[in-house]
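Protein sequences appear in the order of chains A and B.
So for the first sequence, this note's numbering puts the first residue at 19; every next one is plus one.
So for the second sequence, this note's numbering puts the first residue at 6; every next one is plus one.
It is worth saying that the hints were derived from the structure and are not from the lab.
Idealized CB from N, CA, C, for every residue including glycine.
Heads up, some of the hints might be wrong.
To be verified - Only pairs whose alpha carbons sit at most 27 angstroms apart, straight line, appear in this in silico DSSO-like list of lysine-lysine:
hint, chain 1, residue 1, chain 2, residue 2
1, B, K115, B, K105
2, A, K104, A, K157
3, B, K175, A, K45
4, B, K89, B, K101
5, B, K175, A, K359
6, B, K101, B, K115
7, B, K105, B, K89
8, A, K316, A, K104
9, A, K252, B, K411
Claimed, not checked - Pair ranges (Cβ atoms, derived):
hint, chain 1, residue 1, chain 2, residue 2, range
10, A, D337, B, E106, 56 to 64 angstroms
11, B, K105, A, N233, 26 to 34 angstroms
12, A, D204, B, A379, 36 to 44 angstroms
13, A, F343, B, V403, 36 to 44 angstroms
14, A, E212, B, G415, 26 to 34 angstroms
15, A, F343, B, K411, 38 to 46 angstroms
16, B, L155, A, D204, 41 to 49 angstroms
17, B, K411, A, N233, 20 to 28 angstroms
18, A, E21, B, V44, 51 to 59 angstroms
19, A, Y88, B, L60, 43 to 51 angstroms
20, B, V403, A, L299, 35 to 43 angstroms
21, B, L60, A, T198, 38 to 46 angstroms
22, A, D337, B, P404, 49 to 57 angstroms
23, A, D204, B, K101, 53 to 61 angstroms
Each chain, letter by letter, is given below.
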Amino acid sequence: MTEIRSEPFVVNIGPQHPSTHGVFRIKVTVDGERVIDAEMVMGYLHRSMEKLAEERTYTQNIPFTDRTDYLSSMSNNLGYCLAVEKLAGIEVPPRGNAIRVIMAELQRLASHCMAIGAFANDTGAWQTPVMWTFREREKILDLFEMTSGARLTCNYMRIGGVAFDLPKEFEPACRKLLATFPSFIDELHGLLSENEIFIARTRGIGVISAEQAINASLSGPMLRGSGVAWDIRKADPYCGYEQYDFDIPIGYNGDSYDRFIVRLEEMRQSVRIIEQALDGLPGGPYRTEVPLALRPPKGEAYARIEGPRGELGYYVVSDGGPSPFRFHIRPPSFINLSLLKEMTVGGTVADAIVVLGSVDIVVGEIDR
Amino acid sequence: MSAILLATEHWWDLRDLSNISREILDFLRDVGPDWLAYVVSPLIGFVAAFLIFVLPSQLFVGVYGERRLIGRMQSRLGPNRVGKFGLLQPIADAIKLMQKEAITPRGADKWVMWAAPVVFVAPAVLVWAVIPFGPNMVIADIPVGLVYYLAVAALPVLAAFVAGWSSNNKYSLFGAMRVVAMAISYEVALVLGLLGVVLFTSTLSLQGIVEWQRAHDIWLVFLQPLAFIIYFISASAELNRTPTDIAEAESEIVAGYLTEYSGMKWGLFYGMDIGYALAAAAFGSTVFLGGWSFFGLEKWVPPWLILVAKTHLFYFVFIWTRGTLPRLRIDQLMALAWKYMLPLAALNLLVVAAERLWWHEAELGDGIVYLFAAANIALALLLLVGWARVLGYRPERVPTRPRLVKQAGGYVPPGAELGGGR
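Next up, chain B with everything else stripped away, as it sits in the complex:
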C-alpha cells in the first residue's frame, strides 16, 4: 500500500487527512496503554468522517442543495430566507423539528416505535467505515468491505419495517410491507450485479477495487455498464427515492411507514434517508467510478475531494430523477426486479466470468480490458433494449396524441374515418 502513497507523511498535508489521526495515534501509543489507541482510533475516524464529510453533505447538499435544485427544476425558488441564500435552512429545520412534539399514537407499540429511528440511524453511520476516501483514508479497510457494506446497508429495512408495524396505522403497514418486498427483490439483482465487479477485480475490499481501477486505468462503469445500471436502479429502489418511492408514496399511502412519526423522530428518518442516499452514491462512485482516483489527478488534488465530488455528482442524478419521473406501481417494480433485472444480472455475470476466464487462461495482458469494455457496452445496450422487447415492450405502438374529429356524433370505432361527415 505504501508504494502508491501519494501524499507525504506530514500531518499538515491536506491531501491525506489520515496523517493527522496517525500522529494522534502514535502519540497515544507512546503515552498510554495499547488498548487506548484501539478505542480512540475508531472514534477519531467516525468523528472526522462525520465532521468533514457526512454532516456537511447531509445538511447542505442533501437538505439544502436537494431542495434548491428541485425548486429550480420546478421553476420556483426553493429555500432562500434563512441566512445568506437560505443556507441556514437545514439548521432552522432541525431546530424546529427538535421543538416539535414527537407524538406516539394511542395503540402504538411505544417502545418499538421509539426504537425504530434509533435502529435506523446506527447503520447510516456504520456504512461509512469501509468507504475509502484516499490511499490511507479508510476507517476500516476490511478485506470483505463490499459484503460489509451490503449487509449494513440492508439493515435500515428492518427499522423501516418495525416503524411501520409499530405505528398501528394502516398506511404505515402498507409502507412497511412494501419496503420489505422491495428490499428483498432488489437486493438479489444488486448482489448479482456487484458479483461481476468482484470477478473482474478479484477482491472484496473496496480499497482493492479502487486500486484495481487505478492500476488498469479504467473505471468499472465502462467494464460493467450493465452492473452499473442495475446498481443505480436497485440503489434508488432500496433508498425509496422517486421513481421507486412506493414505500413512502405520498399520493397513495400518505407517508408510508413514516405516517405516524413527527418531531425529531421523523427528522432522524428524513436525515438518515439522505445519509443512506449519500452512502449509496459514495459506494457507487467507489466501485464503479474509480473512487478517490481520477486518472492521475489524485496526485495534485486531495483524493478525498475527488470522492466527494463524484459522490455529489452521483447524488445529483438521484435528485434529477426525483424531480422528473412519476412513480412506478408495486407490481411493476417487482416485475422490473424479477423479470428484467435479475435475468440481466445473471447474464452479465456469465459474460464476465467467461471474459475473466479467457483473460487469465490465455494470459492476454492488461490492454485487453479496453476491448472488454467496448464489448460489454455494446452488449449492455443490446441486452437492455432486447430483453425489454422480449418482455413485450413496444413503445412505438402507444399513440401519444388523440384522434381529432370535426363533428360531434356517437362512438368512433378504432380505424374509422375521421374529420366529420358522420
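Next up, chain A with everything else stripped away, as it sits in the complex:
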C-alpha cells in the first residue's frame, strides 16, 4: 500500500467571507480539517480616526467615536465624554448620569443581541437566532431613534451630559420593552443554551484559562467567561453605577459556551439596571453647559467604561488648545483578539469560526 501524501494548505477566511463579521481576515493553514496555524490580517477598515481627531475640536470628535465600534455607539460616546470631562474637570448633573446609564445599558442589550445572533449563525443555526435577536435589537434602536434621532450612530452624549432630554414617550416605551425582554432571553436560552448541538459545538472550544486571559489583558465577557470576576462598573464605577444593584456573571472553563452564557446573563443584569435607573430617574438639568470650543487645561486623562465587548478606554492629551494633542482608543475587541491564534490552532476550521464568533469583534473598532 502506498502512503497517502498530504500537505498543509492555506485557506483565507476573509476579508470576503460570510462569517468574518466585517472585513477581517484570517490566514489559516490547515492539515485536512485541522488548523495548524492561524495568522490575523487586519487594517482593511483603517480610517485613521486617532489622527483625524487631532485636527478637530473636542465636541466635533464625538461623531468619530460613533463610527469606531458602530454596534455600540452610545458606549463609545460615553467613554470619550468621560475622558474629556476628566481632563477638563466637568461635573455631570445626576439626571445626565442616569440617562447615560440607561443608554449605555440599552446599548449593551443591542450589542449583545447582535453578538449572540452572529455567534449562533457561526455555529450554523441557519439564520433563526440572528433574526430573533435582530427583531429585539430593532426595538432598542427605535428607542435610540426616539431620543437621539439616529439608530446606529447616535451621537447622543455630550461633554457635560447628554444632547437632549428624554422625550416624554420614552419611559413608557422603554418599560414596555423591559417587560418583554426577559421572556425573550428565556426563549434564547431554550433555543441555544439548552440545545445539544449548540453545546457540542461550543463547549471546550477556544478555551482560555484565567491566567492566560489576565496576561493577555482581555476584558469583558471574554475575561468573565474564564471565571474572573472583573467588571469596571463594579471595580471603578462611573456615572453612578455604584447605586445600582446587579451581579457579575462569570463562566466556568473559559470556552466559547461560557462566553455565550455570560453574555446572555449580562443581558438580564442590564435589564435590572435599566429598571432601577428608570425608577430612580432624578429631575433637574441633564447637561452642564460647556463652551463649544472647549479648551481643557494642559494634561492627560484616561477614562474607561465597561463597554459591551470589554474595557473601552479613551486616552486624551491636551496641550491647552481647542483640539486634543493626542487621542487614543483602547478598543476591547482588538485586545480580545490577541489570543485568537492560541484559541484556534489545534481545532478544526469549523471551530475557528466559532471562536471568532465568540470573541465578538467589530472591525470598525479593531482598525479604527
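For chain A, the structure is supplied; the task is to place chain B on it using the hints.
This is chain B only, laid out in the frame that chain A set:
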C-alpha cells in the same frame, strides 16, 4: 395485484391515474408496433410524475413553501411580492437564474465543471421511477426497488464531489471532501437500518412493502422506530440539510462545492437538492409511513394524494429542523455515524432477525406484530438514551447558567463561595 385494485378501470377515475396511461398504451399497441409502446410508456410515466408531482412540489413546496415557513419561524415574512402571496417567486427566481452568467473560473476544469450539474440532475429524476403512488401507479415496479433507490440516490454524491474538485477552489475542495466522507459514513448505517425493514416484509419491492403494511394494518415506523430514526438522520445527512449541512456550511466554507457555481448551473444544484429531499421524504413515507395507504382511507381518497400529503409532512420536518438547529462539526458527525448509529443499526438488525425467526418458526399469526411494535418502541427508546450514556453523554452535568458574583475581584475558582466578600 388486481385483487387489491381499489379504483375502477375507467380512464377518468382520478383515484388511479395509471388508467389514463394504460389507455394510451393499449391504443398504441393497437395502432403501432410493440416497441413503440415500450418507448412511450416510460416517457409518459416520467412526464406524468414530473408534471403532477415533482415539479409543482419542488417549485411551490420546496422553494416557496420552505422559504415561507422558514420565514415564519424566523419572525419575518418570506417571499410575498411576486404574484398573489408571492406564489410566483420560484418562477421569477428561475427566470433570473437563467439570465445570469454561469461563470467558469480560470483554472477550473471546464468540461467537468459543466458536466457536474448534469450528472446531478439525472438521478433526481430517476429515483422517482420506483416510488409507488398508488396500487398501479408506479413507473417501474421492479422487485429490487429498495436497492435501486439506494443506488441511484447515492449518485449525486459523485456529482457533488466532481463539482467541488473541478472548481479549483479551496472551499469547494473542502465541501467535496466532506460530502464524500458523509455519504460513505451514513450510507452504511442507512442500509443496515433498512435491512430490518426488509427482514420484516421479506420483499425488496417498494410496492410490496406498502402492501405488507396494508395487509398487517400497521406502519413500519411503529415496528421499526429505531430504523426510522436512523433513516431520518442519515437521509438529512446525505441531503446536506441543517443540522448536517457541513458540505455547504455557509459560515465555514462559504458554499462548499457550490462556491464557484452561478446562474442556472447553480440553480440546477439548488433545485435538485430540493428534488432529492422530496424523494427522500417520499421514500421514507413509502417505507415507514405506509406509502399510499392510510388504514382504509385510500378507498375514498386518491392514494397518490395520500402519498403527496405524507411526503410533504415528512418534508416539513426537514424544514423544521433546518430552521431550528445549529450545525454539527464534521468529526462529531462522523462519530455520530460510526459510534452511535452503526452499532444501533446492527443491534436493531439482530433484534428484528430474532423476532422474525420466532414469528415464523412458532407460527404466531399476524396479531403478534402489535406486540413486536410495543417491544421495539420500548427498546428503541432504551437504546437511544442508553447508548448515548454509554458513550459518555451527561446533559445534567452541563451548567447552562453562569455563576453570579456581587463584587469585582480576581479569579473565582470552581466551587468558591459566591456573592461578594472577597
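Hint by hint, here is what the structure shows:
1. B:K115 <-> B:K105: 18 angstroms, holds
2. A:K104 <-> A:K157: 33 angstroms, violated
3. B:K175 <-> A:K45: Since the Cα atoms of K175 of chain B and K45 of chain A sit roughly 13 angstroms apart, the hinted pair holds (cutoff 27 angstroms).
4. B:K89 <-> B:K101: Status holds; Cα separation ~19 angstroms.
5. B:K175 <-> A:K359: 21 angstroms, holds
6. B:K101 <-> B:K115: Given that 27 angstroms is the threshold and the Cα spacing comes to 23 angstroms, the pair holds.
7. B:K105 <-> B:K89: 25 angstroms, holds
8. A:K316 <-> A:K104: 12 angstroms, holds
9. A:K252 <-> B:K411: Holds, at roughly 9 angstroms.
10. A:D337 <-> B:E106: 56 to 64 angstroms: The hint (56 to 64 angstroms, Cβ to Cβ) holds, given that D337 of chain A and E106 of chain B are roughly 58 angstroms apart.
11. B:K105 <-> A:N233: 26 to 34 angstroms: 52 angstroms, violated
12. A:D204 <-> B:A379: 36 to 44 angstroms: Roughly 37 angstroms apart at Cβ, these two residues keep to the hinted range, so it holds.
13. A:F343 <-> B:V403: 36 to 44 angstroms: Since F343 of chain A and V403 of chain B have Cβ atoms about 52 angstroms apart, the given range 36 to 44 angstroms is violated.
14. A:E212 <-> B:G415: 26 to 34 angstroms: 30 angstroms, holds
15. A:F343 <-> B:K411: 38 to 46 angstroms: Distance hint for F343 of chain A, K411 of chain B holds at roughly 41 angstroms.
16. B:L155 <-> A:D204: 41 to 49 angstroms: Roughly 44 angstroms apart at Cβ, these two residues keep to the hinted range, so it holds.
17. B:K411 <-> A:N233: 20 to 28 angstroms: For N233 of chain A against K411 of chain B, whose Cβ atoms are near 26 angstroms apart, the range 20 to 28 angstroms holds.
18. A:E21 <-> B:V44: 51 to 59 angstroms: Holds, since E21 of chain A and V44 of chain B (Cβ atoms, about 52 angstroms apart) stay within the stated range.
19. A:Y88 <-> B:L60: 43 to 51 angstroms: 46 angstroms, holds
20. B:V403 <-> A:L299: 35 to 43 angstroms: 40 angstroms, holds
21. B:L60 <-> A:T198: 38 to 46 angstroms: The hint (38 to 46 angstroms, Cβ to Cβ) holds, given that L60 of chain B and T198 of chain A are roughly 44 angstroms apart.
22. A:D337 <-> B:P404: 49 to 57 angstroms: 52 angstroms, holds
23. A:D204 <-> B:K101: 53 to 61 angstroms: 41 angstroms, violated
The structure fails to meet hints 2, 11, 13 and 23 from the earlier list, while all remaining hints are met.
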